[in-house]
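Keeping their order, the protein sequence lines are chains D and V. Under the numbering used here, the first residue of the first sequence is numbered 419, with each subsequent residue one higher. Under the numbering used here, the first residue of the second sequence is numbered 49, with each subsequent residue one higher.
Among these hints, one or two may not hold up.
Okay, the calculated beta carbon distance ranges per label pair [to be verified]:
(1) D:469 to V:73: 37 to 43 Å
(2) V:241 to D:517: 57 to 63 Å
(3) D:478 to V:334: 48 to 54 Å
(4) D:469 to V:165: 37 to 43 Å
(5) D:509 to V:274: 50 to 56 Å
(6) V:73 to D:517: 23 to 29 Å
(7) V:87 to D:513: 47 to 53 Å
(8) D:437 to V:334: 51 to 57 Å
(9) V:344 to D:509: 51 to 57 Å
(10) D:469 to V:106: 39 to 45 Å
Because the hints were derived from the structure by calculation, they are not lab data. Predicted model, so just to flag it, every value in this text is computed and none were measured. Using N, Cα and C, we set each Cβ at its ideal position, and we do this for glycine too.
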Amino acid sequence: MSLPTAIETLDFSYDGARPAGRFAPVLVGVVGSGNLEVLLEPGEPPKCRVRVETSARGFGTIWQAVLDDFQARHALAGVSISINDMGATPAVVSLRLDQAVAELAPGAQP
Amino acid sequence: MISYAECSARERIAQLLDAGSFHEWLPPAERVTSPHLAQLGVPSAFDDGVAIGRARLDGRTVFVAAQEGAFMGGGVGEVHGAKLVGLLRRALLDPHGERPDAVLLLADSGGVRLHEANAGLIAVSEVMRAVLDARAAGIPVLFLIGSANGCFGGMGIVARCADHVVMSDVGRLAMSGPEVIEASHGVEEFDARDRALVWRTTGGKHRWLSGDCDTLVEDDVQAFRDAAIAALGDTRPVTVQALEHEHRLLAARLQLLPEALDGDIEAVTLWRGLGVADAARVSSLDVDAVRALRPA
Numbered sequence: 419m420s421l422p423t424a425i426e427t428l429d430f431s432y433d434g435a436r437p438a439g440r441f442a443p444v445l446v447g448v449v450g451s452g453n454l455e456v457l458l459e460p461g462e463p464p465k466c467r468v469r470v471e472t473s474a475r476g477f478g479t480i481w482q483a484v485l486d487d488f489q490a491r492h493a494l495a496g497v498s499i500s501i502n503d504m505g506a507t508p509a510v511v512s513l514r515l516d517q518a519v520a521e522l523a524p525g526a527q528p
Numbered sequence: 049m050i051s052y053a054e055c056s057a058r059e060r061i062a063q064l065l066d067a068g069s070f071h072e073w074l075p076p077a078e079r080v081t082s083p084h085l086a087q088l089g090v091p092s093a094f095d096d097g098v099a100i101g102r103a104r105l106d107g108r109t110v111f112v113a114a115q116e117g118a119f120m121g122g123g124v125g126e127v128h129g130a131k132l133v134g135l136l137r138r139a140l141l142d143p144h145g146e147r148p149d150a151v152l153l154l155a156d157s158g159g160v161r162l163h164e165a166n167a168g169l170i171a172v173s174e175v176m177r178a179v180l181d182a183r184a185a186g187i188p189v190l191f192l193i194g195s196a197n198g199c200f201g202g203m204g205i206v207a208r209c210a211d212h213v214v215m216s217d218v219g220r221l222a223m224s225g226p227e228v229i230e231a232s233h234g235v236e237e238f239d240a241r242d243r244a245l246v247w248r249t250t251g252g253k254h255r256w257l258s259g260d261c262d263t264l265v266e267d268d269v270q271a272f273r274d275a276a277i278a279a280l281g282d283t284r285p286v287t288v289q290a291l292e293h294e295h296r297l298l299a300a301r302l303q304l305l306p307e308a309l310d311g312d313i314e315a316v317t318l319w320r321g322l323g324v325a326d327a328a329r330v331s332s333l334d335v336d337a338v339r340a341l342r343p344a
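So here's chain D without its partners, still in its complex pose (with noise of 0.2 Å):
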């Protein structure tokens, strides 16, 4: 008997306007039921590259819509976005990845 593999791993990938230029790690949020941690790094532009494991399997299409609707508010160039999710609902996830991009501070030295 094997156990199932119960972390779901899913990647975005979209290319952005916006670069993001230098900055320090920005991490937001806490892997807790109903939560999520969200942390942007430095990335190669014009991609803003999004991994997202979570333990509620199955709802790719969902991250999918929210993702794309951060990308189109926010249009992130050159930024790597690491998430570890706990079965957050898509509205805490985007205020989530709103915060993150809100404290992202240019020009800041990592």
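Chain D is fixed; fit chain V onto it per the hints.
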């Protein structure tokens, strides 16, 4: 006034220490995460639920660790524990003339992370030893307890190995948590849903009156900061005599409650036995008033 209880671990670090002074070791971007959780289908956290580093407190160098209770109840897993041990051992190394004036542990933990039981148990015992080693080298170890998860299980033991414990009235400190006692001894022995009972037996006021905490503060980040600054020089010798003195205190305390009493009057009876005036009113008094009640 900012509630210490409602802050996250990283907010506590940002608010408690000198502004902008925190330099983190093994930050989230390094991804030193649990080797066990993913195998169990549980998401990891980039910092494994604890932030460690060097900072300044009132201009003096301190090492600090802050546990994040919202991640796995602040449970101590293998990596989480190793970060605590590494922080304490680094205080002894003094690699760049950075020997700290104290190590601050901002506890928010139910104890060992059960998903990593054996590794977590070993980790907690290593943390205990590292705390005592730091103290023996003359570096004070301060515990700050005032978060939602309190300080239970192995971390409760570690706290009582420290030089100085600061608690707020909403903070809790004990070995077995309320749910654990109820599960093992039954609801008649301990009703974990009875919040008044829980705070009478584990809360900051009780720990202050019984001498298990050294400073009682309001649930306010600034109050914790002031208490930590005041405690920076508070070293206590790690000696057999000190240990035996503590044993005598505990034995005497046990004699104050020779028989099993009803949970409604047990705490009040103990406080009265300790010489606390107005013991019956403790639960309804504010922090200032309770601070004045501790017997000399």
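Results for each hint:
For the hinted restraint 37 to 43 Å between residue 469 of chain D and residue 73 of chain V, the CB-CB distance of approximately 24 Å leaves it violated. Taken as a hint, the range 57 to 63 Å is violated for the pair residue 241 of chain V and residue 517 of chain D, whose Cβ atoms sit roughly 34 Å apart. With their beta carbons about 52 Å apart, residue 478 of chain D and residue 334 of chain V fall inside the hinted range of 48 to 54 Å. In this structure, residue 469 of chain D and residue 165 of chain V break the distance hint of 37 to 43 Å, their C-beta atoms being roughly 29 Å apart.
Under the hint 50 to 56 Å, the C-beta atoms of residue 509 of chain D and residue 274 of chain V, about 39 Å apart, miss the expected range. The beta-carbon spacing between residue 73 of chain V and residue 517 of chain D, approximately 25 Å, falls within the hinted interval of 23 to 29 Å. A C-beta distance of roughly 31 Å is found between residue 87 of chain V and residue 513 of chain D, which places it outside the suggested range of 47 to 53 Å. Taking the beta carbon of each, residue 437 of chain D and residue 334 of chain V are about 54 Å apart, inside 51 to 57 Å as hinted.
The hinted window of 51 to 57 Å between residue 344 of chain V and residue 509 of chain D holds, with their beta carbons roughly 55 Å apart. The hinted window of 39 to 45 Å between residue 469 of chain D and residue 106 of chain V holds, with their beta carbons roughly 41 Å apart.
Hint compliance for this structure: hints 1, 2, 4, 5 and 7 are not met, and every other hint is.
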